[in-house]
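Visitor: According to my numbering, the sequence shown is numbered sequentially starting from 291.
Rather than coming from a laboratory, the hints here were simulated on the basis of the structure. This structure is a prediction, so every number in the text was calculated from the model and none was measured. A few of these clues could be false.
Below 25 angstroms or equal to it, Euclidean Cα-Cα: the simulated BS3-like pairs (lysine-lysine) are [unchecked claim]:
| no. | residue 1 | residue 2 |
| --- | --- | --- |
| 1 | K295 | K335 |
| 2 | K302 | K325 |
| 3 | K301 | K325 |
| 4 | K325 | K335 |
| 5 | K295 | K325 |
| 6 | K302 | K335 |
| 7 | K335 | K301 |
Simulated restraints, written as ranges between beta carbons of each label pair [to be verified]:
| no. | residue 1 | residue 2 | range |
| --- | --- | --- | --- |
| 8 | H305 | I346 | 18 to 24 angstroms |
| 9 | N293 | E350 | 24 to 30 angstroms |
| 10 | T356 | D306 | 24 to 30 angstroms |
| 11 | N293 | S340 | 26 to 32 angstroms |
| 12 | F308 | R328 | 30 to 36 angstroms |
| 13 | T356 | Y313 | 25 to 31 angstroms |
| 14 | K302 | T356 | 22 to 28 angstroms |
| 15 | T356 | D336 | 17 to 23 angstroms |
| 16 | T312 | G344 | 15 to 21 angstroms |
| 17 | S340 | K301 | 17 to 23 angstroms |
| 18 | D336 | Y313 | 16 to 22 angstroms |
| 19 | I342 | T312 | 18 to 24 angstroms |
| 20 | F308 | A329 | 31 to 37 angstroms |
| 21 | I317 | N293 | 14 to 20 angstroms |
Ideal placement from N, C-alpha and C gives every residue a C-beta, glycine not left out.
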Amino acid sequence: MANMKTIAQNKKARHDYFVEETYEAGIELCGTEVKSLRAGRVNLKDSWCSIIDGEIFATECTFLLTN
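Using the sequences plus the hints, can you model the full thing?
Guide: Right, here's the structure in full:
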């Protein structure tokens, strides 16, 4: 893939935990989440992912509303 800009990153996870393996994946967002993400108004500080039946679910991701 071409060089893509990282929009949001959970820096706390790499500080508090040893990350043994990483994965890159797409994410499905609704309209307001896309707008907030493009504006850089997303908080991943307390977020985590769970694998359920072969699917990855992100939990506690906060998208701050934009005007």
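Visitor: Determine for every hint whether it applies to the structure shown.
Guide: Tested hints:
1. K295 / K335: It holds: about 19 angstroms lies between the C-alpha atoms, which stays within 25 angstroms.
2. K302 / K325: 24 angstroms, holds
3. K301 / K325: Given pair K301, K325 holds - Cα atoms ~22 angstroms apart, limit 25 angstroms.
4. K325 / K335: Holds, at roughly 19 angstroms.
5. K295 / K325: Distance of about 16 angstroms is within 25 angstroms: holds.
6. K302 / K335: Since the Cα atoms of K302 and K335 sit roughly 6 angstroms apart, the hinted pair holds (cutoff 25 angstroms).
7. K335 / K301: 7 angstroms, holds
8. H305 / I346: 18 to 24 angstroms: 22 angstroms, holds
9. N293 / E350: 24 to 30 angstroms: Given a distance of about 29 angstroms, which is inside 24 to 30 angstroms, the answer is holds.
10. T356 / D306: 24 to 30 angstroms: For T356 and D306 the Cβ distance comes to about 29 angstroms; the hint holds.
11. N293 / S340: 26 to 32 angstroms: The hint (26 to 32 angstroms, Cβ to Cβ) holds, given that N293 and S340 are roughly 30 angstroms apart.
12. F308 / R328: 30 to 36 angstroms: 32 angstroms, holds
13. T356 / Y313: 25 to 31 angstroms: 28 angstroms, holds
14. K302 / T356: 22 to 28 angstroms: Taking Cβ atoms as reference, K302 and T356 lie about 23 angstroms apart, which means the hint holds.
15. T356 / D336: 17 to 23 angstroms: Taking Cβ atoms as reference, T356 and D336 lie about 21 angstroms apart, which means the hint holds.
16. T312 / G344: 15 to 21 angstroms: The hint (15 to 21 angstroms, Cβ to Cβ) holds, given that T312 and G344 are roughly 18 angstroms apart.
17. S340 / K301: 17 to 23 angstroms: This hint holds: roughly 20 angstroms between Cβ atoms.
18. D336 / Y313: 16 to 22 angstroms: Once the Cβ atoms are compared, 20 angstroms apart, the range 16 to 22 angstroms for Y313 and D336 holds.
19. I342 / T312: 18 to 24 angstroms: Between I342 and T312, where Cβ atoms are some 19 angstroms apart, the hint holds.
20. F308 / A329: 31 to 37 angstroms: 32 angstroms, holds
21. I317 / N293: 14 to 20 angstroms: 19 angstroms, holds
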